[in-house]
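S.K.: One letter stands for each residue in the lines below.
2 protein chains.
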Amino acid sequence: MNASADLSSVKAMVFDVFGTVVDWRSSLIADFAQWSAKRGVSGDWTGLVDAWRGAYVPSMNEVRNHPERGYLALDHLHRQSLDKLVAQFGIKGLNEDDLAYMTLGWHRLQPWADSVSGLTRLKRKYTIGTLSNGNVALLNNMAKHAGLPWDLILSAELFQHYKPDPETYLGAARLLGLQPGQVMMVAAHNNDLAAAQKHGLKTAFVPRVTEYGPLQDKDFKADGNWDVVAADFNDLAARMGC
Amino acid sequence: MNASADLSSVKAMVFDVFGTVVDWRSSLIADFAQWSAKRGVSGDWTGLVDAWRGAYVPSMNEVRNHPERGYLALDHLHRQSLDKLVAQFGIKGLNEDDLAYMTLGWHRLQPWADSVSGLTRLKRKYTIGTLSNGNVALLNNMAKHAGLPWDLILSAELFQHYKPDPETYLGAARLLGLQPGQVMMVAAHNNDLAAAQKHGLKTAFVPRVTEYGPLQDKDFKADGNWDVVAADFNDLAARMGC
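Protein chains in written order, with the numbering used here: chain U, 225 to 466; chain L, 225 to 466.
No lab work stands behind these hints, which were simulated from the structure alone.
Please note: incorrect hints may appear among the correct ones.
Pairs involving identical chains hold if they fit within one copy or between any two copies, as the list cannot separate such chains.
[Said to hold, decoys possible] In the DMTMM-like style, the derived pairs of lysine to aspartate or glutamate whose C-alpha atoms are separated by at most 25 Å in a straight line are:
{"id": "1", "residue 1": "K349", "residue 2": "D255"}
{"id": "2", "residue 1": "K442", "residue 2": "E286"}
{"id": "3", "residue 1": "K235", "residue 2": "D321"}
{"id": "4", "residue 1": "K368", "residue 2": "D230"}
{"id": "5", "residue 1": "K235", "residue 2": "D299"}
Just so it is clear, the structure is predicted and the values come from calculations on it, not from any experiment.
Here chain U stands alone, though its shape is the one from the complex (with noise of 0.2 Å):
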């Protein structure tokens, strides 16, 4: 922990998902490998999520380089790249429901080992609520399907804007009407710290370090001045006296 941290003003938690609290990768793969066994396609799925996920923040960057478009809801953005990806992978057969299922595997991501047993006593405590550039539904499906003990559901959605724009953070803590001083984001990511850091958020990292599996090629540690460096969400749990 930074020897600093004034932890006490904290009220509210707010949780980055992909990555942080689910297992998107390994979720996806086992999902996408037992459902292909029945339905009778084949494919790379290893290669496909992989791809899929590296899709996302170009995915995001479309979207902010043409406003005047509009914004995207997650769900969107991963169905435009899925059907770009399908045909890449040279994947045959899949109808509009199979693009459809595949597409809300997204919700139906599997949890790390720690997360609800951590989110659970951080409840007691503290305002638990995701901040996340998945859009509402997604969350919220998410969190029914994986056991997720949220109090709320914030969601780049809401604002309009994907993370790290400052309207994300700066929009939670306007909502849970809040000092920004007074919420701490949790991630597995670094930048997503910087960036909450920045507009005055506390911070919490957690390493996953095999969220992009033999991909991964950074975030194994702390690389920033965060308010709390954890090894678990049981153990974030601790260092926040729950």
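Chain U is fixed; fit chain L onto it per the hints.
M.R.: For chain L alone, coordinates are given in the frame of chain U:
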């Protein structure tokens, strides 16, 4: 129950809060009576609370009639109305902290006896959320205080429109990723249900015949063709298959 109602399509239930889930009148009167004795101020708290609620619809209409001034969160409307009523009721000796405490009384409301148990049952099968004119911070603080197990907080604040404006009912369905007919509005107020039904939502009426105390002059019973009429939230859970 409306004999023709097909409830199998319902995926999410959204709830009016003031009066339907929480007993604002008894809660505020008891809160202020207890607080004022300690604080050493006196006033007609029953009269003030009734007049405060009486100012609710006119204060929202004032915002509707002056869109150029922008949307105001309910906390702000409550405070504006309180400032006038304190003078009108001749209550002396209140400072800024006192007025803030009283305004936040709306965050500390108590649930009706069946609210938490009924919601807990409904949450097993349905997404349950608020759909209230209360702002997000108010609804979240109330949920933490009263133990209301919402999956998510939906508020007029997110749509910058108060109920019964169509943007609220249709906005809730949109954020949930559902068709209006997959969402059920639950309220103790026939006018709220009439607006929800007009925009395609399913409807459930739960009477709260003591909400306004001796001033109650309507909503003693269902006066529309609602999909479900239940005696309380546990009866609602039973009727919804929970």
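S.K.: Next, verify each hint and record whether it holds.
M.R.: Taking the hints in turn, this is what the structure says about them:
For the identical chains of this complex, K349 and D255 are inter-copy neighbours only, at 23 Å across copies versus 35 Å inside a copy, given an alpha-carbon limit of 25 Å. In the homo-oligomer, the alpha carbons of K442 and E286 lie at most 25 Å apart inside one protomer (24 Å), although the nearest pairing across protomers, at 53 Å, exceeds that limit. In the homo-oligomer, the alpha carbons of K235 and D321 lie at most 25 Å apart only across protomers (20 Å), although the nearest pairing inside one protomer, at 43 Å, exceeds that limit. When the C-alpha separation of K368 and D230 is checked against a cutoff of 25 Å, the pair qualifies only between copies, where the shortest distance is 23 Å, while the shortest distance within a copy is 34 Å.
In this homomeric assembly, K235 and D299 come within 25 Å of each other (Cα to Cα) only across copies, at 19 Å, whereas the closest approach inside a single copy is 30 Å.
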